[in-house]
Amino acid sequence: MPPRSSGCFTCRRRKIRCDEGRPGCEKCKTHGVECPGYRKERNGIEFEDQTSLIVQKAKSRHGGKISSDVWKVDSSDGRMIAKPKTTKSAITFALHQEIFSPILQENQ
130 MPPRSSGCFT
140 CRRRKIRCDE
150 GRPGCEKCKT
160 HGVECPGYRK
170 ERNGIEFEDQ
180 TSLIVQKAKS
190 RHGGKISSDV
200 WKVDSSDGRM
210 IAKPKTTKSA
220 ITFALHQEIF
230 SPILQENQ
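Residue numbers (the numbering used here): 130 to 237.
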């Protein structure tokens with residue numbers, strides 16, 4: 130995979146080579162355009178925290194509650210994380226929920 134372009138926003142949009150001059154590139158100056166600048170440098174991959182979204186989806190999927198006999202909430206590092214109390218029972222519970230809940234809903 131080729132490296133990401135580090136040119137200014139205008140040069141990238143126009144798909145031309147940018148000289149990457151700071152604070153603004155020469156191509157923008159030549160065309161009488163104010164150089165809008167460059168992307169922020171990022172090291173590695175950044176992830177967006179979606180914990181609350183996942184918890185909300187889980188609650189709506191399970192009628193507004195997450196069974197406390199199967200799950201415990203761990204917030205030791207400042208984030209709310211639902212973890213299985215015992216791996217085997219949590220997996221069994223999840224599998225049964227996925228397999229049987231559509232069948233049970235059809236029969237009701």
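Calculated directly from the structure, the hints in this document are not laboratory data. A portion of the hints provided could be inaccurate.
[Unchecked claim] Computed spacing ranges between beta-carbons, pair by pair:
| # | residue 1 | residue 2 | range |
| --- | --- | --- | --- |
| 1 | 135 | 189 | 20 to 30 Å |
| 2 | 135 | 158 | 12 to 22 Å |
| 3 | 162 | 135 | 11 to 21 Å |
| 4 | 149 | 183 | 17 to 27 Å |
| 5 | 190 | 150 | 46 to 56 Å |
| 6 | 180 | 150 | 17 to 27 Å |
| 7 | 144 | 185 | 22 to 32 Å |
| 8 | 149 | 189 | 28 to 38 Å |
| 9 | 149 | 190 | 42 to 52 Å |
[Unchecked claim] Below are the PhoX-like pairs computed for lysine-lysine, each with C-alpha atoms no more than 20 Å apart in a straight line:
| # | residue 1 | residue 2 |
| --- | --- | --- |
| 10 | 188 | 169 |
| 11 | 186 | 169 |
| 12 | 186 | 158 |
Even for Gly, the Cβ is constructed at its ideal location relative to N, Cα and C.
Unmet hints by their number, sorted upward, for this structure: Violated: hints 1, 4, 6, 7, 8, 10, 11, 12.
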